[in-house]
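Trainee: Given next are the chains, with one letter for each unit.
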Amino acid sequence: MNLDVDGKEAFAYTAAHAIDAARPTVAFLHGAGLDHSWFGLQSRYFGYHGRNVLALDLPGHGRSAGPPLGSVEAMADWVVRVLDSQGLDKAALVGHSMGSLVALECAARHPERVERIALIGVAYPMKVSDAFLEAARENRHDAFDMSTIWGHAAQVPLGGNPNPGMWMYGDTLARLERLAPGVLYSDLKACNDYAAGLESAARVKCPALFLLGRRDVMTPPRAAAGLAQAIAGSRTLQIGSSGHSLMAEAPDAVLDALIEFLA
Amino acid sequence: MATPKYPGFDTLALHAGQSPDATTGSRAVPIYATTSYVFRDTEHAASLFNMERAGHVYSRISNPTVAVLEERVAALEGGVGAIATASGQAALHLAVATLLDAGQHVVASNSLYGGSHNLLGYTLRRFGIETTFVSPRDPRNFERAIRDNTRLVFGETLGNPGLDVLDIPAVAKVAHAAGLPLLVDSTFTTPWLMKPFELGADLLYHSATKFLGGHGVAIGGVLVDSGRFDWEKSGKFPQLTAPYDGFHGMDFEEESGTRAFLLRARREGLRDFGACMAPMTAFHILQGIETLHLRMPRHVDNARKVAAFLDAHPMVDSVGYPELPSHPDHELAKRLLPRGAGAVFSFNMKGGRPAGRAFIEALRVFSHLANVGDAKSLVIHPATTTHYRMSDEDLQKAGITAGTVRLSIGLEDAQDLIDDLGRALAAARKAAQ
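Protein chains in written order, with my numbering: chain F, 1 to 263; chain Z, 1001 to 1433.
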């Protein structure tokens, strides 16, 4: 569904259902350089199970007009303006990687608009290596390679994809290669610069779920411990087989955890 | 963190797509000889059917053994994914049927396998899909043939029968300028000799029967998508970018982005046309792929030796092998096929049909049959077999002569192959006198 947010075209996948303000809403927030389709299976499930689904393309990603928003805080405020554009009071937010920081920040800044947050593949601080940032700043292909290889568990290139016939590395690379120059760098810099994590976590009052891949080398589970401690009553679930791309590497485990959390 | 590295080709050829079986620990790929898969409960069943969960429902659509092959070939080609089919022909049909409707048009190289030519030139025409065939030697020929209703550009990486080398970067540029994808048949080159996606192709397929399987034991095809073609931006493919009543209003591109083509090809094409691969076939082809990186260098090495021998033989008029300076695409082959120009080629022998017949019948190591890409060396003489009803004049129109012989060079001792050919050429000379 095409949306008008701030006078610019934006896109949300709604699982082929019209938005109905009377139904509960789940918004999905993708990670750096990715788009709504990263949540394909999970967002489709909720769309066909009684929820409004807004699987968003953040500005500059997928089908949403650019430029990308340069900070986690700006993205968090943009999510609220998306809800406004649809006449929705509240939503549960499911974020992955960069999107998890956006969900966290949104819950802290707009507690009246966020019912609960699921943070998938999250870490704080979400520091990005100089080599990765530099490659992205120069729009070099090895930035895509780093994102692809570090973005999956080490066994992925040698293992089987739960989605029959698909090659996870190839799929990630193909998505990244569609990005406009500068978008990946903008995202990585936003993650790297985000400094409000612990303060914002302390302000979160809604239920929070941490969904972490035990084989994640980008945001290893230990790097989420500080945030988890800072959000009172949060729950953490680790998925043993998965790296950073949990929705692709362990789609059923992620969906099952979200079904239980969002029930 | 050190700069990360992708697994090498040889490692992917052995491992991609498969972890040791979680239940049994089986190291080899298990053959899942099952038609269907038990649902955990009704909710699980509904979620699988509605594509809310990943998994297998029915082996016409997907099967765990076949999925290993699909993922492995996608990994070797650098694609987003793949679909294995009942044959290479089924893979070509699946690609065309996924993208084109009646009233639409293909621009194809005229240097094609006969089966592909039949499918495009005659059979699909019956269903309203037209094809214009052009010489692949000049990329502008493709450009000139593109019409408003064209939806696909197609060629073979090494064309039949003359081994025309498709200038993929140039033809892809032409196709993309018109908002069209380039599909290539990569059977003769395999990913070990050429990675068409790195050169600009968008889709490719293999007759996996040939070098991928490599042992002449199973018929199969694999269709691979690079995920690089932007269907939405092209605006010419509502099949992928508009809601489809045949799949509950799904907009495949919106649903899955880079996976749109494969999603429709699997969910519609395998569902409705049903030309799926059997798990035993996938197992056979996987066994072949595990040694692809060892076999292809030997195929090429033997082919070079045989081509050099034939090129110098007094009974041979010409040898159509792109690594020889006499081949019109010699320079292009050096650029696009630095590891070698494959192991299937034709040569023209003196002495007409009687010589051809005597040649074939004198061979002892080469097997006389209609296939290529086997570990064993193969030979066919079109004028006395596949094309025997044609006059010499008609043969010439098809790009062959009464003395054309096609060889598929196998993995035997190269000197034994040369000795076999030498003996047969001597027999041919006698027959021609």
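To be clear, the hints were calculated from the coordinates, so they are not data collected in a lab. All figures in this text were calculated on a predicted structure; none of them were measured in a lab. Just to be clear, a hint being listed does not mean it is correct.
Unchecked claim - Below are the DSS-like pairs computed for lysine-lysine, each with C-alpha atoms no more than 25 angstroms apart in a straight line: (1) Z/LYS1005 with F/LYS127; (2) Z/LYS1350 with F/LYS189; (3) Z/LYS1305 with F/LYS8; (4) Z/LYS1350 with Z/LYS1236.
What the hints assert, rightly or not - Which chain Z residues face chain F? A few, computed with CB under 8 angstroms, are given here: (5) ASP1041; (6) ASN1050; (7) GLU1070; (8) ALA1082; (9) GLY1103; (10) GLN1104.
Ideal Cβ placement from N, Cα and C applies to all residues, glycine included.
Trainee: Give a verdict on every hint.
Mentor: Status of each hint after checking the structure:
Restraint check: the Cα-Cα separation between Z/LYS1005 and F/LYS127 comes to about 21 angstroms, which is no more than 25 angstroms; the hinted pair holds. Of the pairs offered as hints, the one joining Z/LYS1350 and F/LYS189 is violated, with about 70 angstroms between alpha carbons and a cut-off of 25 angstroms exceeded. Our distance criterion of 25 angstroms between C-alpha atoms is broken by Z/LYS1305 and F/LYS8, whose separation comes to about 64 angstroms. The straight-line distance between the Cα atoms of Z/LYS1350 and Z/LYS1236 is roughly 50 angstroms, outside the 25 angstroms bound, and the hint therefore fails.
Given hint, Z/ASP1041 at the interface with chain F, is violated; its Cβ is 13 angstroms from that chain's nearest Cβ, farther than 8 angstroms. Hint on Z/ASN1050 holds. Least Cβ distance to chain F is approximately 6 angstroms, under the 8 angstroms limit. Of the supplied interface hints, the one on Z/GLU1070 holds, with its beta-carbon coming within about 4 angstroms of a beta-carbon of chain F, less than 8 angstroms. Below 8 angstroms, beta-carbon pairs count as interface contacts, and Z/ALA1082 has one with chain F at about 6 angstroms; its hint therefore holds.
Proximity of Z/GLY1103 to chain F is violated relative to the hint, the smallest CB-CB distance being about 28 angstroms (cut-off 8 angstroms). Annotation: interface hint on Z/GLN1104 violated; nearest CB of chain F at approximately 25 angstroms, more than 8 angstroms.
In terms of the numbered hints stated before, the structure departs from hints 2, 3, 4, 5, 9 and 10, listed from lowest to highest.
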